[in-house]
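Quick mapping for you: the protein sequence lines, in order, are chains F and E. Using our numbering, read the first sequence as starting at 1 and increasing by one per residue. Using our numbering, read the second sequence as starting at 1 and increasing by one per residue.
If you are wondering where the hints come from, they were derived from the structure by calculation, not from laboratory data. Bear in mind the structure is a predicted one, so any value in this text is a computation, not a measurement. Honestly, I wouldn't trust all of these hints.
Covered stretches of chain E, as calculated for chain F (at least 3 residues, CB under 8 Å) [unchecked claim]:
| # | segment |
| --- | --- |
| 1 | 147 to 161 |
| 2 | 266 to 279 |
| 3 | 390 to 402 |
Where a beta carbon is used, it is the ideal one built from N, C-alpha and C, also for glycine.
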Amino acid sequence: MREKIMALVEAVLGLEAGAVTESTEAADLAEWDSLAQVLIIGELESRLGISIPLEEAAEIYSVKDIFEKAGV
Amino acid sequence: MKKIAVLSNINMNPAARLLAADFAVYETEGYGNELETLMNQNSSLYAFDPEAVFLFEDLMEIIGHELSEAAGEVHIAAWFAALSASLDSGRVYFISDAYLYGAETALPEVQKKKPQIERLWDSHLRALVLEHPNVFVFPYRTLVERFGEERAFQSRLWYLGKIMHSMEMQKRICAEIRRQLAVLESTPKKVLVLDLDNTLWGGLAGENDQAPVLLSDDGAGLAYKNAQRVIRQMKDTGTVLCIASKNNEDDAMEILEKNPHMVLRPDDFAVRKISWNDKASSIRKIAEELNVGLDSIVFADDSPQERALVKELLPMVAVPEFPAQPEDLPVFFAEVYGTFFARTRVTEEDREKTAQYASNARRNQLREETATFEDYLRSLDITVIRVDASKNLDRVLQLVNKTNQFNLTARRYTMPEMQAAADTKRIYAFRVADRFGDSGITAAVIVDTGGEIPLVEEFTMSCRIMGRSIEYGIMDFVEADLAALGYDSLRARYVPTKKNHPVSELYDRLGYKPQGTSGGIKEYRIALKGRKKRDCILTFSEKEGNRI
Numbered sequence: 001m002r003e004k005i006m007a008l009v010e011a012v013l014g015l016e017a018g019a020v021t022e023s024t025e026a027a028d029l030a031e032w033d034s035l036a037q038v039l040i041i042g043e044l045e046s047r048l049g050i051s052i053p054l055e056e057a058a059e060i061y062s063v064k065d066i067f068e069k070a071g072v
Numbered sequence: 001m002k003k004i005a006v007l008s009n010i011n012m013n014p015a016a017r018l019l020a021a022d023f024a025v026y027e028t029e030g031y032g033n034e035l036e037t038l039m040n041q042n043s044s045l046y047a048f049d050p051e052a053v054f055l056f057e058d059l060m061e062i063i064g065h066e067l068s069e070a071a072g073e074v075h076i077a078a079w080f081a082a083l084s085a086s087l088d089s090g091r092v093y094f095i096s097d098a099y100l101y102g103a104e105t106a107l108p109e110v111q112k113k114k115p116q117i118e119r120l121w122d123s124h125l126r127a128l129v130l131e132h133p134n135v136f137v138f139p140y141r142t143l144v145e146r147f148g149e150e151r152a153f154q155s156r157l158w159y160l161g162k163i164m165h166s167m168e169m170q171k172r173i174c175a176e177i178r179r180q181l182a183v184l185e186s187t188p189k190k191v192l193v194l195d196l197d198n199t200l201w202g203g204l205a206g207e208n209d210q211a212p213v214l215l216s217d218d219g220a221g222l223a224y225k226n227a228q229r230v231i232r233q234m235k236d237t238g239t240v241l242c243i244a245s246k247n248n249e250d251d252a253m254e255i256l257e258k259n260p261h262m263v264l265r266p267d268d269f270a271v272r273k274i275s276w277n278d279k280a281s282s283i284r285k286i287a288e289e290l291n292v293g294l295d296s297i298v299f300a301d302d303s304p305q306e307r308a309l310v311k312e313l314l315p316m317v318a319v320p321e322f323p324a325q326p327e328d329l330p331v332f333f334a335e336v337y338g339t340f341f342a343r344t345r346v347t348e349e350d351r352e353k354t355a356q357y358a359s360n361a362r363r364n365q366l367r368e369e370t371a372t373f374e375d376y377l378r379s380l381d382i383t384v385i386r387v388d389a390s391k392n393l394d395r396v397l398q399l400v401n402k403t404n405q406f407n408l409t410a411r412r413y414t415m416p417e418m419q420a421a422a423d424t425k426r427i428y429a430f431r432v433a434d435r436f437g438d439s440g441i442t443a444a445v446i447v448d449t450g451g452e453i454p455l456v457e458e459f460t461m462s463c464r465i466m467g468r469s470i471e472y473g474i475m476d477f478v479e480a481d482l483a484a485l486g487y488d489s490l491r492a493r494y495v496p497t498k499k500n501h502p503v504s505e506l507y508d509r510l511g512y513k514p515q516g517t518s519g520g521i522k523e524y525r526i527a528l529k530g531r532k533k534r535d536c537i538l539t540f541s542e543k544e545g546n547r548i
């Protein structure tokens, strides 16, 4: 699942495979802005069935945070 | 690359991002501030200088959920008044027509009011389009109705970031934007040249007396009849119809004159070339007889060979692909109309008119518009309320750590660091309200007063309140507070990140003196002694708000 999540983040951000790692933080990537963040959360639900509560969505700053919220 | 802007009172940035592959797209600063951006001649929009501006307005937001006609009219009229003051004759505008949608439109009672409120918007829009040759209607409602509410909208991204449309709908909107721009650029077409067999009717004229051609009130015959109905409407709106077909003229005329299901009759066609000549020659003759250029002709024919021949010999003629199934014909002709003949284009005459009043009116307009922007800000009744940061530290932490665009140093804090700052530094947190509502704690400034000269180590504002000059008022407040505490001057810095370019010149605009740059970090200083209050259109309130 972790691999799938990273691939999804890469797809939303329009990056090549391998550009996003487990230690990637939003601040590291110009493409990961607030809009991309919202789109990532939307895609997590529609593609992978991972539903992050709205109020927790703002607490994601990194790939690690996504794993934590997704419980993977 | 063509420069375009997509502005909205909701978040249309996903569509803007999709369009970036084909166009240079203006990057909005936040969202929901489309009027401010348009009215402020100093906004980054005018520095970007787009050729076309697309405005998508969510009607429910415009009317503030007030579902009476009277209240709706007030909101809608105010929006159009503000917009029309900001229109610039040097570019084209596409404005979405009305589709009222919101949480409450699910109720049948609200469904009943929907058309009334939509009509208010559409009549203002129509008036604007009639007045300005460079303003066009963007057929948004048709897009929603074709795709359907359930697929066009989604709620999750709406609550997360005011993104109303599904990704699929965003794609459809982008396709329509591309189409509208293509229509705008193409040479206006005047003439539609039609084949007959398998184009206006099914089957071949004169082929078989026992099996008359397919044209009727049911089945595939009805599809052809409906296609003719669409073509008939095209003629009524000014499209010139002609025939270029390979038939025995008598056989074809028999059907044209006598078939009871023909919607189009011989007189509906300005020129008829029914012969065994090749179609390129027929089209050339039609152009001569009508005295029009080949580039104003569209040719519709079911035969791929004929289409290929015309494309090869007459490349100026537009030859759209033809549908394989008769049931797709009515939609095909409607699309031909939309792509080539619909009057959403700027004609040469319009361009001249536009250029004339551009040169006359621009200077005056600029002054007027600047005044209007101030009037507009005034009309918003912006109130900035300082709140006790120590009681709202989690929100301040979130704001500071999450905001990317309007964030001068992009310094990130941990909770213990923020708590320490609350004890040893000065944290200013503000909530911002206007006549539309309260946006909560959306601005924060952290000043380190430990050194000889205090330093603004963090200044951030949510994109929700950008574009209203609120930053001027906030720094004014901070400076006045520090001056009252006895400080003579104040230091500040801009630390560039990948995302905070919009505020790279902020301190310059605020009148801070540059003290040099090292490693991209710009240092500034301003005297607080004898400082003058800045002009800003907002009210400060010290009244403590509720905890958010």
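Comparing the hints with the structure gives:
Counting residues of the segment 147 to 161 of chain E whose CB lies closer than 8 Å to any CB of chain F gives 6, so the stated coverage by that chain holds, three being the minimum. Against chain F, the segment 266 to 279 of chain E contributes 0 residues with a C-beta closer than 8 Å to a partner C-beta. That does not satisfy the three-residue criterion, and the hint is violated. Counting residues of the segment 390 to 402 of chain E whose CB lies closer than 8 Å to any CB of chain F gives 3, so the stated coverage by that chain holds, three being the minimum.
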